[in-house]
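Student: Single-letter residue listing:
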Amino acid sequence: MNMATINDQITDEIRKEARRLLKTGEVAALIGYAAGSLPMTVKPLVVRCLEDCERLVWNTFCVLNLATYLPEVLSSVETPYDPRDPRPEEPQAKVAILATGCWSRNIVIQIQEKRVDRERVVVIGVGSRGMVSRAKVKALFPEKDILTVDEGDHELVVHGADFTETINRWAVVRDNCQTCAHPDPVLVDIRIGEPVSERKNPHPFQQVELLEQRSSEERWAWFTAEFSTCIRCYACRNVCPLCYCPTCFVDDARPQWLGKSLDAVDTGLFHVLRAFHCAGRCTDCGACESVCPMGINMRMLTKKLNKDVRDLYGIEAGMEPEAPLPLTTFPLASVEFIVADLAPLPAAARIVQPSSEGDESCKHG
Amino acid sequence: MISYMPYPVRIDDIVVETEDGSLKTFTLAFEQERHQKAWQHVPGQFVMLSVAGAGEAPVGLASSPTEGERLLCTVNRAGLVTTALHQLKVGDRLGLRGPIGNGFPLDREMKGKNLVMIAGGFAVTILRAALMSVLARRQDYGRITFIYGARTPGMLLYHEELRQWAQRGDIDLYVTIDREAPGWAGLVGFVPTIAAQVAPPPTNSVALICGPPIMIKFTMPPLEAIGWTDDQVYLSLENRMKCGQGLCCHCNVGPTLVCKDGPVFTRAQVKRLPLEY
Amino acid sequence: MQTWMISPVELDGLIQQWQKSYAVYVPALSKPATAATDCAPGWRRINAGEPWTLPVGPTPASVKSFYFPQPEILMTFHLEENHPDKGVMREPLKSHEMQVVLGVRPCDAASVLLNQLPFTEDPLFMAKCQRTALVGFTCTTRLSTCFCTEMGGSPHHCAGLDLALSPLQNGFLLEVLSEKGETLVAGCKLVPASESDLAVLADRRQGQGATSSYSSQLEVLKACALSRLYDAPMWQELGEACINCGACTFICPTCFCFDMQDEVVQGQGRRIRYWDSCMFPLYSQHTSGHNPRGKKLQRTRNRFLHKLKYFPDRFGPFSCVGCGRCIGDCPVNIDIREVLNDLVRRTELE
Chain A
321 MNMATINDQI TDEIRKEARR LLKTGEVAAL IGYAAGSLPM TVKPLVVRCL EDCERLVWNT
381 FCVLNLATYL PEVLSSVETP YDPRDPRPEE PQAKVAILAT GCWSRNIVIQ IQEKRVDRER
441 VVVIGVGSRG MVSRAKVKAL FPEKDILTVD EGDHELVVHG ADFTETINRW AVVRDNCQTC
501 AHPDPVLVDI RIGEPVSERK NPHPFQQVEL LEQRSSEERW AWFTAEFSTC IRCYACRNVC
561 PLCYCPTCFV DDARPQWLGK SLDAVDTGLF HVLRAFHCAG RCTDCGACES VCPMGINMRM
621 LTKKLNKDVR DLYGIEAGME PEAPLPLTTF PLASVEFIVA DLAPLPAAAR IVQPSSEGDE
681 SCKHG
Chain B
10 MISYMPYPVR IDDIVVETED GSLKTFTLAF EQERHQKAWQ HVPGQFVMLS VAGAGEAPVG
70 LASSPTEGER LLCTVNRAGL VTTALHQLKV GDRLGLRGPI GNGFPLDREM KGKNLVMIAG
130 GFAVTILRAA LMSVLARRQD YGRITFIYGA RTPGMLLYHE ELRQWAQRGD IDLYVTIDRE
190 APGWAGLVGF VPTIAAQVAP PPTNSVALIC GPPIMIKFTM PPLEAIGWTD DQVYLSLENR
250 MKCGQGLCCH CNVGPTLVCK DGPVFTRAQV KRLPLEY
Chain C
8 MQTWMISPVE LDGLIQQWQK SYAVYVPALS KPATAATDCA PGWRRINAGE PWTLPVGPTP
68 ASVKSFYFPQ PEILMTFHLE ENHPDKGVMR EPLKSHEMQV VLGVRPCDAA SVLLNQLPFT
128 EDPLFMAKCQ RTALVGFTCT TRLSTCFCTE MGGSPHHCAG LDLALSPLQN GFLLEVLSEK
188 GETLVAGCKL VPASESDLAV LADRRQGQGA TSSYSSQLEV LKACALSRLY DAPMWQELGE
248 ACINCGACTF ICPTCFCFDM QDEVVQGQGR RIRYWDSCMF PLYSQHTSGH NPRGKKLQRT
308 RNRFLHKLKY FPDRFGPFSC VGCGRCIGDC PVNIDIREVL NDLVRRTELE
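Residue numbers (the working numbering), protein chains in the order written: chain A, 321 to 685; chain B, 10 to 286; chain C, 8 to 357.
Next up, chain A with everything else stripped away, as it sits in the complex (with noise of 0.2 Å):
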């Protein structure tokens, strides 16, 4: 079958659902994409009204992670009273979002971290067959406009004035998609075409391995070439689910963590620390690397992390809303432990289950 058929399927079966839940008033949002005004571009789109419905698409170009936009639009779907006041204790409105697999995944984690609360999200999984990187596309084509660009099953159809090109599918999908295990909702309340299978990658880190195999220098030299263009337009942090402080620590103002202008040490420090407070919790989206207006390959430090928390706690962020959260659970039993003796952690306490009685044990969201 055509992928533009499938697509054009799953929008159609999105646009249905949304109209059912809109009119039965079993959510007051929809969380989804609306066609880009640039080829290979979406829009994310908050659907209120029924009209807008007709406005929801489907397809292989959707990089954001709409996870993102669940806390806000939750709370702007709630019964309005003052600050003041105790929270209204009647059951709140509900929110639809699309969810692939690694967005999925970061909603689990918005409900470990009690960001979100699992009985007002009304998932709508659909399986990720692996997002196109705009990005490759547009290398393949230098010096060229790209004006439209038809997905095909295992191609993709590039127009340009004066050209027109097929080009495989694949080889242009991001590099997170190429590497993702998980390309299926981990939760969903409801289902949105055919599951896609888990795939097995035998080598999920290569990348990263490629790096750890270089001298520190030469790493030293990858790092401040990578990141020597960023512009701190933080836009990869905006974009991260994760990355929801409310004043992040670049902009802290008393004490001052880092400077305002472009130092490549400023810059640096922002990214490497941005990636340490994600790890543990990270998808590998590639929401960060997507949107990134210079081309940082930034996805490069929390895939690193992913690999670190998986060797060092195997884990995988995001994977059961039940689990505990890598880095910020542990028992009550071993904060007298912890304060006490800042030596390594023996094997044992590696991996730390949350005790028997919930109440036990402390979680930081």
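Treat the hints as calculated values from the structure; they're not laboratory data. Some clues are possibly wrong.
Computed cross-link-like contacts, DSSO-like style, restricted to lysine-lysine with a CA-CA straight-line distance of at most 27 Å [claimed, not checked]:
{"hint": "1", "chain 1": "C", "residue 1": "Lys-302", "chain 2": "B", "residue 2": "Lys-280"}
{"hint": "2", "chain 1": "C", "residue 1": "Lys-93", "chain 2": "B", "residue 2": "Lys-46"}
{"hint": "3", "chain 1": "C", "residue 1": "Lys-303", "chain 2": "B", "residue 2": "Lys-33"}
{"hint": "4", "chain 1": "B", "residue 1": "Lys-269", "chain 2": "C", "residue 2": "Lys-229"}
{"hint": "5", "chain 1": "B", "residue 1": "Lys-122", "chain 2": "B", "residue 2": "Lys-226"}
{"hint": "6", "chain 1": "A", "residue 1": "Lys-434", "chain 2": "C", "residue 2": "Lys-303"}
{"hint": "7", "chain 1": "C", "residue 1": "Lys-303", "chain 2": "B", "residue 2": "Lys-226"}
{"hint": "8", "chain 1": "B", "residue 1": "Lys-280", "chain 2": "C", "residue 2": "Lys-303"}
{"hint": "9", "chain 1": "C", "residue 1": "Lys-303", "chain 2": "A", "residue 2": "Lys-414"}
{"hint": "10", "chain 1": "B", "residue 1": "Lys-269", "chain 2": "C", "residue 2": "Lys-303"}
{"hint": "11", "chain 1": "B", "residue 1": "Lys-280", "chain 2": "C", "residue 2": "Lys-93"}
Here are some, though not all, of the chain A residues that point toward chain C, as calculated from beta-carbon distances under 10 Å [stated by the list, open to error]:
{"hint": "12", "residue": "Arg-435"}
{"hint": "13", "residue": "Glu-463"}
{"hint": "14", "residue": "Lys-464"}
{"hint": "15", "residue": "Asp-465"}
{"hint": "16", "residue": "Ala-481"}
The beta-carbon is built from N, C-alpha and C at its ideal position, and this holds for glycine as well.
Since chain A is already given, all that's left is putting chains B and C on it; use the hints.
Tutor: Just chains B and C, lined up with the frame of chain A:
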């Protein structure tokens, strides 16, 4: 051409104004005579005070040009720069850029009018400057009503001037605190309440109102009830600002730049602006 | 001013001539090998004979950073104990050396003229104008994101350039447009352009000028009461999709908001001004914590109204040259052309 270079000034005196130490009045003197000679300002204008290493902060001028060469700035300790300012001692050097903004039209629209000045909290600083200017040419203005409120007696600024103004007899002075306090024999009540009781009729009058937004909001209805209109009321807006030269865009309220087009606006002008202040 | 005909070889010779006396910058098309650059990201300095290529359409980075560097050092000071000048502010050393920026497109040249409107009294910006020569190439290809003609420009305009090169079959027409341009070609033996070559250029300019929609849209938005545009329902959807990053503002040739701050390292201080973005919440937040534009919608609206209403009301033209960089790079595909059309439509609805 505009300049970002501050004039060097020296701290000649520091007065801790309030019981909690959060407000200090700095007496500043220019270090170079040519800066002193070139200096001119009108009440309602402000300056950028700068502490090398901490940065700059906008501060309203509390002194009137009629008070002599030295400038008074009453500074509330709130952010990075004002905290650094509070740590300075007499004799220390700092930078001053300005004067910035339009100021009150005391020599234009306000001349010959009855003046009603209403201040809440430390926003009284620029009304102190306005009143001192007016008192230097008392005959140019009609009746003067000065209403000033603070949370507690210990939070009132300019004790000595308040005493002098009360004794003059040509100012209707109403000083109030929010709640009863031991040893306080004066008025008690929020500024809007007192204003409702004592505000004069609007005939041939203008009002200068400076204070927190909530105070301004509740002071207007009683004034409107006795016939005051929006173009008779002057307010001073505050927004985050950086360059003070209408360039950096930080202080914009819609199309209006507070630092360049203001900070003084009539209430009629403010009402035409988007609610971005 | 004169117009010459110059062959590609002669142009190379001319560039090598400039490199003897001036710093010459060209668009950087790939990442620099190291973090050390002596100019803004997106540009690189070339030495004599070094090859360079001009990309189709606007250069990856705008010329803004040559005039409005990130950061600009306003003054320097010492804070070391016992330093005789402790705390005294000094102007930094200024360079008066001419720099040549090569490969500028008409949209970016127009942006410099637009930015001069607010910065006309700013000594730092104007000093950069003095010492920067723009050598531009008019465009023969219009990308799908280009909309300079809708913004009053043209792919064949040369306003703001010191030298303009327009490609012809066998070389370039070289227009000398300023005194700086004169300096750059002084002493060169060049062939004056023929009547027929000049006719080709005139013909191009005849065909592709500013669209009539430009002035009508500009006038209609200027005439419209702010509240009508400000309260438009369109901001809800835009504000909801916008992630409030600074990508559009930083890559925009005409966004010029800045912040100022002191930086001190081991007793040596500098006061800098650096790029800020009205998309960031801290931009408008008061020390008290109150934020007049605390919501995403308010910030998104501020950026577009600044470009399409506040700036024209104050200075005349839109603060946009139609380079389309923001359209191509916006993470959520906010398209300023759609915003403009929606605003104009808003004025028409009753």
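Student: State for each hint whether it applies.
Tutor: Here is how each hint holds up against the structure:
1. C:Lys-302 <-> B:Lys-280: Measuring from Cα to Cα gives roughly 21 Å; hence the hint holds.
2. C:Lys-93 <-> B:Lys-46: Since the Cα atoms of C:Lys-93 and B:Lys-46 sit roughly 25 Å apart, the hinted pair holds (cutoff 27 Å).
3. C:Lys-303 <-> B:Lys-33: violated, 37 Å
4. B:Lys-269 <-> C:Lys-229: Holds. B:Lys-269 to C:Lys-229 sits at ~21 Å (cutoff 27 Å).
5. B:Lys-122 <-> B:Lys-226: At roughly 24 Å apart (the allowed maximum being 27 Å), B:Lys-226 and B:Lys-122 satisfy the hint.
6. A:Lys-434 <-> C:Lys-303: holds, 23 Å
7. C:Lys-303 <-> B:Lys-226: holds, 26 Å
8. B:Lys-280 <-> C:Lys-303: Satisfied, since the Cα-Cα distance of roughly 23 Å is no more than 27 Å.
9. C:Lys-303 <-> A:Lys-414: holds, 22 Å
10. B:Lys-269 <-> C:Lys-303: Holds: B:Lys-269 and C:Lys-303 sit about 26 Å apart, inside 27 Å.
11. B:Lys-280 <-> C:Lys-93: Violated. B:Lys-280 to C:Lys-93 sits at ~47 Å, over the 27 Å cutoff.
12. Arg-435: violated, 17 Å
13. Glu-463: Given a least distance of 5 Å, the restraint on A:Glu-463 holds.
14. Lys-464: holds, 8 Å
15. Asp-465: With Cβ-Cβ at 5 Å, under 10 Å, it holds.
16. Ala-481: holds, 9 Å
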